[in-house]
Amino acid sequence: MAAPERRGGELRRGAPGLLTRVRGYFRLHAQNLLGSLGRLARQPLASLLTVAVIGIAMALPAGLDVLVNNARALSAGWASAVDFSVYLEPGQPLARAETLAAEARGQADIVAVEVISAEEALAQLSRFTGMQAALEALDDNPLPHTLVVRPRPGLSAEAVSRLADGFESLEGIDLVQLDTAWVERFLAIVDIARRASGITLLLLGFAVVVIVGNTIRLDIENRRSEIEVMKLIGGSDGFIRRPFLYGGLWYGVIGGLLAVVFNASALLALAGPVQRLAGLYNADFALQGPGLTGLGVLVGGGALLGWLGAWVATSRHLRDIEPT
Amino acid sequence: MIRFEAVGKRYPGGGEALATLDLDIAAGEFVFLTGPSGAGKSTLLKLVALIERPSRGQVIVNGQNTRKVARRRIPQFRRGLGMVFQDHKLLADRSVFENVALPLLIAGYAERDINRRVRAALDLVGLADKAPRLPLTLSTGEQQRVGIARAVVSKPPLLIADEPTGNLDPALSLEIMRLFERFNELGVTLLIATHDIDLVTQLGHRRVELVSGQLVGDTGLGHGRA
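From first to last, the protein sequence lines are chains C and Y.
Per my numbering, the first sequence runs over residues 1 to 324.
Per my numbering, the second sequence runs over residues 1 to 226.
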């Protein structure tokens, strides 16, 4: 090895060039990536427990998010399914109702308009309520002509509400009755759930950082002598830190994958009952999973949080270990 | 190669480990550092390796004043010297090959260079056939030779050793010292702390003696050079 060319030679003689070092740098990263995975595999039970806790912590907010999104999708269908009634002022002629109906049918957001004349309405009322005798005692018909408007399906609750307001301002209209209050209430509840899922996400995201950080801290403690040796033979902080960072990354990625598995299982378990419930309402509704995006967010988010936890732990603890 | 100028070292809460020490070791020298336990031998080596910093005075290693080496430059500084320890300090979960390759990996050598250099270093210490073994499956003497191979694999101009033969019998100790002499012949400067006076006398290199942090004897610059 020590060839004669080295006699009295300078310190860095034979040191690798820039290109070699850059290539070596990437090779080191690749080795660390696989090496830290191997290290996890050598302590399967401990690693599994850590990863399971991370998976659960990530599955909770992600699952809540899926439920909230499904509830929103469901309520969006309800809001647009609501017909509304437009009552003309008493004394307005039926012709006015027909004109308004014809105009309304021309609007893009309206699919159907039914005109119910005062006479028809009275007939229906007497037929359904059994108040025939009472109604017949009246001198004249107290009911106005009515339009029943069906908005285009898929229209948002706000758009339907705006559509109804449009009728209210028209000449000869007494009242527009839009029964979406309960849908709005439901949406408000969904919004609270959405906010709650956001808060859960923040808290449990923080928990993942703490879990990984603590695991890496223990790992650093266990490998104290190894770290000392590395420092003695000239290992830079970055070199020593890298395997721990990749360790954190793996914890996060595998935890994220586990969260995907947890959520998929939960969805599978819920799909049957939801289908049955939807069937009872004659509704065509099925639970929507988080999809590929959701999977990407969980795994990517896990990687980020794991890396962050390891970064915090190594920043705090690696510096304290110095050879003596 | 190494120069101590009026160096003092006091540990916090402890006594004076080194008192006003002047020492000059030229490139290519082979120097033994002797003295009883607690004389300051290890402290002196730690000052050279920047494991400790002097309380007073200057330590100049390979032309670099250690005072001027910032904390984050210490790894780079340490790559310029090889270190051998009494307890080897090998990584138990890595093979002999991987242990010796570590300094090269840290410095970013290409894979084929690493292979070539590690083989050569193991060849030199007579352990070429032990490359795939784990350190703990080797004898103490063999483990120490792995430690030496790791110290020289990146061809540092300076090698320091703290009681490298402390755990070895006389025959193995001599074998290790002969190995150090071969490196010296190749131009490496050596500074070896030991309490094995018989061996030191037998080999006859320059000898620097410390007692209670004071330099009490120095057989002189260039004494006994090969």
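None of these hints come from the bench; they were simulated from the model.
Even glycine gets a Cβ: it sits at the ideal position worked out from N, Cα and C.
Possibly wrong hints are sitting among the right ones.
[Claimed, not checked] Facing chain C, from chain Y, some residues (calculated, C-beta under 7 Å):
1) Y11
2) G15
3) R53
4) P54
5) R56
6) P75
7) L91
8) P103
9) L203
[As the list claims (entries may be wrong)] No farther apart than 20 Å at their CA atoms in a straight line, the calculated lysine to aspartate or glutamate pairs in the EDC-like style are these:
10) K68/Y / E221/C
11) K130/Y / E168/C
12) K68/Y / E226/C
13) K89/Y / D109/C
14) K46/Y / E221/C
15) K89/Y / E226/C
16) K46/Y / E209/Y
17) K89/Y / D237/C
18) K46/Y / D87/Y
19) K46/Y / D174/C
20) K130/Y / E142/Y
21) K89/Y / E120/C
22) K68/Y / E142/Y
23) K89/Y / D139/C
24) K89/Y / D113/Y
25) K46/Y / E226/C
26) K46/Y / D22/Y
27) K130/Y / E175/Y
- [ ] Return the numbers of the hints above that this structure violates; sort them in rising order.
- [x] 1, 2, 3, 4, 5, 9, 10, 11, 12, 13, 14, 19, 21, 22, 23, 24
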